[in-house]
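**Student:** Listed below are the residues making up each chain.
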Amino acid sequence: MKKAKFLLLATIIIIFLATVSSAAVAPLSLELGPDDSNPATPVMGDHMRFWSAITNTGTAPIEGLVAWISLVEIDPGNEQPVDLEDWSAHKAITGAALEPGQSLRTDWPMRLIKGGDYRVVVSATDRGGDSVFTSPTIQFHVRQKPVLQAGRIIPVAAGLPLLIIGLMVLHKTRQQGRRWHESG
Amino acid sequence: MKSSWIIATKESTEILRSQRGLMGLLIYSGLLSAFSLLLVSNTELSLLDNAQVVYMMAGTVLSAGALLASILGSDTYAGEKERGTLVPLLCTPIDSTALLTGKGLGMLIVWCIMFVTATPYLWAVGASGQNLGAALVYLALFGTPVVLGFGLLAMALSARTGSVLASSLSIITLLMLAATPLLIGPGLRGTAIGRAMDAVNPFAGALNTFDSVIIDSEPFSAQMARLLLVAVWLIFCLMVARRNAAHPNFQ
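Protein sequences appear in the order of chains A and B.
Under the working numbering, the first sequence is numbered contiguously, ending at residue 185.
Under the working numbering, the second sequence is numbered contiguously, ending at residue 297.
These are calculated hints, taken from the structure and not from any lab test.
None of these values were measured; they are calculated from a predicted model.
Note that beta-carbon positions come from the ideal geometry of N, C-alpha and C, so glycine has one too.
You may find that some hints are simply not true.
Distance windows between CB atoms, simulated [to be verified]: (1) B:G179 x A:P156: 36 to 42 Å; (2) B:W169 x A:S132: 48 to 54 Å; (3) A:S38 x B:M270: 33 to 39 Å; (4) A:R144 x B:S64: 47 to 53 Å; (5) A:P156 x B:V133: 48 to 54 Å; (6) A:T135 x B:T226: 44 to 50 Å; (7) A:T138 x B:G76: 57 to 63 Å; (8) B:L187 x A:S71: 22 to 28 Å; (9) A:I139 x B:G179: 30 to 36 Å; (10) A:A41 x B:L83: 36 to 42 Å; (11) B:G179 x A:W69: 22 to 28 Å; (12) B:C158 x A:T138: 25 to 31 Å; (13) A:A151 x B:C158: 28 to 34 Å.
Derived list of chain B stretches under chain A, where covered just means 3 residues or more per stretch with a C-beta under 8 Å from a C-beta of chain A [said to hold, decoys possible]: (14) 93–99; (15) 137–145; (16) 186–195; (17) 270–280.
For the chain A half of the interface with chain B, some residues (derived, Cβ under 7 Å), not all of them [as the list claims (entries may be wrong)]: (18) V83; (19) L85; (20) D87; (21) I154; (22) L163; (23) I165.
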């Protein structure tokens with residue numbers, strides 16, 4: 002029993018020390034927040050902006066910093082990473098340098114292309130390190146906007162051919178009337 | 047100019063007031079209707095899916111316009127010759143340039159009617175999406191030189207060969223070659239040959255502009271090279287048509 006207690010205590014201490022030591026060596030801290038001007042209930046087509054602050058919390062300068070934004074769709078049954086190609090022209094910062102204690106604030110604008118539930122995160126790594134650091138995530142919902150309305154398409158799709166058929170009938174009737182007049 | 051305008055109105059009226067012309071317009075309208083109705087069941091498109099639909103519809107309108115211009119152009123000189131009306135027409139006090147201008151203007155009027163017919167369809171599928179206004183502006187700006195170019199080249203072939211069949215077959219083959227970007231995927235177009243063809247193909251130039259403007263929301267400044275390409279195409283076709291229309295085939 003004593004031996005088991007000792008082993009449990011040793012395990013807890015090892016885990017604690019490992020956690021503390023990894024936190025101590027983490028040279029980067031990332032914060033992520035939404036811009037104040039973001040719409041409260043964003044709709045497809047709206048623009049949103051997030052900001053991130055990357056701080057060098059270590060003691061050595063960081064060279065060749067790379068930070069990028071990622072978006073993940075989390076709709077049930079449709080969980081997938083989103084290709085930001087069409088959502089944002091500003092997807093990464095590269096090559097930045099950070100002195101100890103220095104912070105880098107970056108804005109991440111994006112246009113909401115598709116409705117659904119999303120989670121956004123900023124990740125960073127540097128040239129010399131072997132880890133990727135991530136910010137806390139922000140979750141948001143984009144309301145779907147109907148881009149195709151049957152009430153608009155059907156009248157046009159049915160109406161225009163009918164209008165042309167009407168013109169053809171009118172034209173034919175006029176032609177027949179003219180022939181009838183000429184023969185009469 | 048007055049004689050050109052008289053020929054233009056006569057040509058366009060003949061096309062649009064005849065049952066044959068109205069039937070053509072009905073088929074064109076039916077094509078756009080079928081395309082639009084295919085989309086009704088899918089209302090939860092993303093903005094880009096919607097832009098893709100507008101892009102595809104703009105491409106369809108351009109193809110239909112170029113095809114019709116090719117057919118009408120093939121019928122101009124050769125059709126007049128086959129109907130036995132070319133010699134009396136050339137005996138009238140109208141010079142060859144005025145005749146060509148009149149027939150070209152007639153084709154332009156038909157293209158304008160096709161454009162006007164397509165506008166409600168583009169509005170119906172694209173009004174809630176993005177870049178509908180730009181789609182209409184660029185369809186007019188890039189579509190007109192491409193369509194007129196094919197029509198003028200068809201006229202040149204028509205005057206040169208004196209045969210509706212020969213000129214139609216030649217110009218439609220050329221049009222099919224030019225319209226391959228509609229059929230082949232981006233992968234094949236990304237190869238060296240695909241890129242080289244895109245660089246000299248006015249049809250591909252217009253399609254790439256629609257893609258760039260409607261889907262990627264790129265500005266006018268990014269379209270300058272392609273605008274130059276379609277302008278050069280129009281000028282080239284005009285010169286070829288003028289040269290051949292001056293000496294149409296009487297044999």
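**Student:** How about the stretch 270–280 of chain B: do at least three of its residues have a C-beta closer than 8 Å to a C-beta of chain A?
**Tutor:** Coverage by chain A is violated here, the residue count being 0 at a Cβ distance below 8 Å.
**Student:** Taking the CB of R144 (chain A) and the CB of S64 (chain B), does the distance hold inside 47 to 53 Å?
**Tutor:** The hinted range 47 to 53 Å holds for R144 (chain A) and S64 (chain B), with Cβ atoms some 51 Å apart.
**Student:** Between the beta carbons of T138 (chain A) and G76 (chain B), is the distance compatible with 57 to 63 Å?
**Tutor:** At roughly 50 Å between Cβ atoms, G76 (chain B) and T138 (chain A) fall outside 57 to 63 Å, so the hint is violated.
**Student:** Holds or violated: the hint that I165 (chain A) contacts chain B, with Cβ atoms closer than 7 Å.
**Tutor:** 5 Å, holds
**Student:** Grab the minimum C-beta distance from V83 (chain A) to chain B and call the hint holds if it beats 7 Å, violated otherwise.
**Tutor:** 11 Å, violated
**Student:** Hint says 48 to 54 Å; check whether the CB-CB distance for W169 (chain B) and S132 (chain A) agrees.
**Tutor:** 53 Å, holds
**Student:** If you check the beta carbons of A151 (chain A) and C158 (chain B), does the distance land in 28 to 34 Å?
**Tutor:** 29 Å, holds
**Student:** Range first: 36 to 42 Å. Now tell me if the beta carbons of G179 (chain B) and P156 (chain A) are that far apart.
**Tutor:** Taking Cβ atoms as reference, G179 (chain B) and P156 (chain A) lie about 21 Å apart, which means the hint is violated.
**Student:** Does the nearest C-beta of chain B fall within a distance shorter than 7 Å of the C-beta of L163 (chain A)?
**Tutor:** Where the cut-off is 7 Å and the nearest Cβ of chain B is about 9 Å from L163 (chain A), the hint is violated.
**Student:** May I ask you to test the hint 25 to 31 Å on the CB atoms belonging to C158 (chain B) and T138 (chain A)?
**Tutor:** Violated - the Cβ-Cβ distance for C158 (chain B) and T138 (chain A), about 54 Å, lies outside 25 to 31 Å.
**Student:** Given that the stretch 137–145 of chain B was listed as covered by chain A, double-check it with a C-beta distance under 8 Å for 3 or more residues.
**Tutor:** That given contact is violated, which follows from only 0 residues of the stretch 137–145 of chain B lying within Cβ reach (below 8 Å) of chain A.
**Student:** Between the beta carbons of P156 (chain A) and V133 (chain B), is the distance compatible with 48 to 54 Å?
**Tutor:** 50 Å, holds
Hint compliance for this structure: hints 1, 7, 8, 11, 12, 15, 16, 17, 18, 19 and 22 are not met, and every other hint is.
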